[in-house]
Amino acid sequence: MKYQPEVYAQVLIEGLKSKNNSEENSFIKKFANSIKKNGDLPKIKKIIEAIERRIVKKDGGRVIEIEFARTVSETALAKLTGQFTKKDIIKTKINEQLVAGVRITIDGEQELDNSLQKKLAKIFK
Amino acid sequence: MSELIYQLGIDWKLLLAQGLNFFILLTVLTIFVYKPLLKLLENRRKKIEFGLLGAKEAERRLNEIEELKSEKMAVADREAIQIIGGAEKSAKKKFEEIVKSAEVKAETVLKDAALLAENKKQEELEKLKGEANLIIKEALIKTVELDPKNIDEKLISRATEMIKKKTA
Chain Y
1 MKYQPEVYAQ VLIEGLKSKN NSEENSFIKK FANSIKKNGD LPKIKKIIEA
51 IERRIVKKDG GRVIEIEFAR TVSETALAKL TGQFTKKDII KTKINEQLVA
101 GVRITIDGEQ ELDNSLQKKL AKIFK
Chain R
126 MSELIYQLGI DWKLLLAQGL NFFILLTVLT IFVYKPLLKL LENRRKKIEF
176 GLLGAKEAER RLNEIEELKS EKMAVADREA IQIIGGAEKS AKKKFEEIVK
226 SAEVKAETVL KDAALLAENK KQEELEKLKG EANLIIKEAL IKTVELDPKN
276 IDEKLISRAT EMIKKKTA
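Protein chains in written order, with my numbering: chain Y, 1 to 125; chain R, 126 to 293.
Keep in mind that the hints were calculated from the coordinates and are not lab data.
This structure is a prediction, so every number in the text was calculated from the model and none was measured.
Careful: at least some of the hints might be erroneous.
[To be verified] Just a few of them, taken from the derived set where beta-carbon distance is under 7 Å, the chain R residues facing chain Y:
{"hint": "1", "residue": "Leu240"}
{"hint": "2", "residue": "Asp277"}
{"hint": "3", "residue": "Ala284"}
{"hint": "4", "residue": "Ile288"}
Even for Gly, the Cβ is constructed at its ideal location relative to N, Cα and C.
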């Protein structure tokens, strides 16, 4: 990877600030081309996540990633998502490796792992 | 006097001739026999004397050599005794050192072997523990998977409470 995803995100957001609506599209195209040229296309998912994080952070929100071992009831999900603000972006994912429980990651930095996998790992370490 | 000589039958001329002959013979014998013989005898005497002197000198030297040999032998004996004594001491010291080193080595080898055995035992115990943990873990996972709903909900609700506490 030539540049870190955060660098790309910063470039895009800072670049878009000075552009009007007509210029935005060509700037985004140029930005995408430069990613391709730098050979960082395989990391596009991480770059998009970094951009998303920046945008959400700019608005005072956070990116919340919630992993479940399997599909959970609507009530439990609502109760859990209800703990976050409307500015937060909540993404849910199924990860069977958790065995049971939930793992919550905030802005890709903070982690609350209340999964059975973690508990078993702690017991049998 | 001449008559007497005549009566005695002595012929002066003959006597003179004989005397001359005798003198010539004496001279010849002296020159060619007596003197060389005398010289030969003198030379032989000198040679014998020289030989005797040489023999005496040789005997004296032989005695001196014998004495020197005895002295040297005594010194060599003393030195040999000293060297043997030194060598014995050194060999004894070396032997003691070898024995000590061998003892230390044997002790180290024994300690290493004991440590190795202990490590192996610990490794096997750890392996066994790991395997047992894996079996228990798998059994627990299988049990949870039979009815995961309750555990899932409990864990999720606990996570919710934790977030609530954090944000409060």
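Tested hints:
1. Leu240: 26 Å, violated
2. Asp277: 5 Å, holds
3. Ala284: Since chain Y brings a Cβ to about 4 Å from R/Ala284, closer than 7 Å, the hint holds.
4. Ile288: Since chain Y brings a Cβ to about 4 Å from R/Ile288, closer than 7 Å, the hint holds.
Hint violations for this structure: number 1 only, all remaining hints satisfied.
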